[in-house]
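Residue numbers (the numbering used here): 1 to 424.
Read the hints as simulated data drawn from the structure, not as lab findings. Note that the structure is a prediction, hence the values are computed from the model and not measured. Zero decoy hints are in this set.
Once the Cα atoms are required to be at most 30 Å apart in a straight line, the calculated DSBU-like pairs of lysine-lysine come out as:
no. : residue 1 : residue 2
1   : K156      : K137
2   : K137      : K269
3   : K81       : K62
4   : K83       : K62
5   : K81       : K64
6   : K156      : K269
7   : K5        : K247
8   : K219      : K269
9   : K156      : K219
10  : K63       : K83
11  : K248      : K374
12  : K310      : K137
13  : K65       : K81
14  : K81       : K56
15  : K212      : K269
16  : K5        : K212
17  : K310      : K419
18  : K63       : K81
19  : K248      : K5
20  : K17       : K5
21  : K310      : K269
22  : K419      : K137
23  : K5        : K374
24  : K17       : K212
25  : K83       : K56
26  : K83       : K5
27  : K374      : K247
28  : K5        : K81
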Amino acid sequence: MLDIKYLRQNIEFVSEKMNQRGQSIDFDRFTSLDIQRRDILMEVETLRSERNNVSKAIGELKKKKADASSLIAQMSDVSSKIKELDDRLRVIEDDLNAFVLTVPNIQHESVVAGRGSEDNPVVRTWGEIPSFSFAPKEHWEIGENLNILDFARGAKITGARFTLYRGLGAALERALINFMLDLHTGEHGYTEVLTPFMANRESMTGTGQLPKFAEDLFKIEGMEYYLIPTAEVPVTNIFRDEILEEKKLPVYYVAYSPCFRSEAGSYGKDTRGLIRQHQFNKVEMVKFTTPETSYDELERLTANAEEILKRLGIPYRTVSLCTADLGFSSAKTYDVEAWMPGQNAYREISSCSNFDDFQARRASIRFRREESGKVEFVHTLNGSGLAVGRTVVAILENYQQADGSVVIPEVLRPYLRGKERITF
RNA sequence: GGAGAGAUGGCUGAGUGGCCGAAAGCGAUCGCCUGCUAAGCGAUUGUACGCCCCUAAAAGGUGUACCGCGGGUUCAAAUCCCGCUCUCUCCGCCA
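Turn these sequences into a full structure, and let the hints guide you.
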């Protein structure tokens, strides 16, 4: 959510930024609602002030046992007028609020204007793309052959886009989760948290999934609870409606969670394999920082995600999302894309974003400056560290052997009781 | 799921219709005092939204709202009524 005062004073600038994002927004409506709101507010507050004063006088008169009936009658009218104005004000404020909640964040100045993912600048690449003496297979073939991924039975149990892992497949997923958590807590300074996997409407609104993207979520029937699409939601909302001390910042949290996405509108995309599932595992990093440090923190956060791939020995590249690709709440996003030999392409495995104060304003997450005592919004950041299912894909495809087996990256072996290879 | 109790500022806690944005204590900040520390004394100590002032911001002035959340009664609600949420205790069920 953008600051209403800021919006009021910089409407042209914001409008231009939104155009670059391919968003057309009805700012005339905003201006009109904003003016109406302030007009009514002034009127109703004046009346309230009058009522407060006269009511006090009525109290005095009553104490002296004097007659106050004419004042009471007069205030009765004022009160009904106040009630009427309050009702009108509520409608306008609801409208205004609904409007502001659907305006995306303003992108950082370093974000390039583009028309699609082909315009995302590549920031860096790492590792050597492996060459194979045979035609590399896609991960679903490798996984099914090794009997560690079972798509048919996942579909039987639940439906399309749910997968059953078996044996070393299940163990590999679990090993990756532990490896990632251990690295981020042990070497990158994060504190591990384990959160609820359902969140309420307020939390979903706080991080920006609601009200605009309800169709992407699974909702619990009969309740205002939603399955989380990412741990970003519960973790960022840890401090919703709180004021933190400046010296506590930055806060680094890392969380494992399953993620649930309806993937509405993605029919026909990535229909095979683990790439796009309704349920997948992810380790998520979240930071709460001061405004002046958040872009440095974004660089470090992205490096923390990349470090996982380095240790696993998986080649990757990092791109900076252009305006067309940038998410609703984000001011700047780096996507880390792992090399997938079976698909002969880089595929997103982590997305690291700085939201500036966009989420913090929605969720009311603030901090108090030590120096001045002033209260300001924090900046929030998050990034996958990493998407676990997609990391399994990268391992299967990059470490596949001519005989169909898969070598386990060395750093994972301690998590798999020393096992070096997945075989038949 | 059933029965009961509760929710007040950073914390503890008073407050059953007007004198309450809210006592008192603790904590914190600043000042004084003091070989150091501690104690003591004094002052300050919430958030949001308007308006005025101002080139703008800040500061300042002023008004309104906020005592879990949402409604209602009343000239007037932390206080009375209704609904909801959450917490605690007991019972039941349960990994």
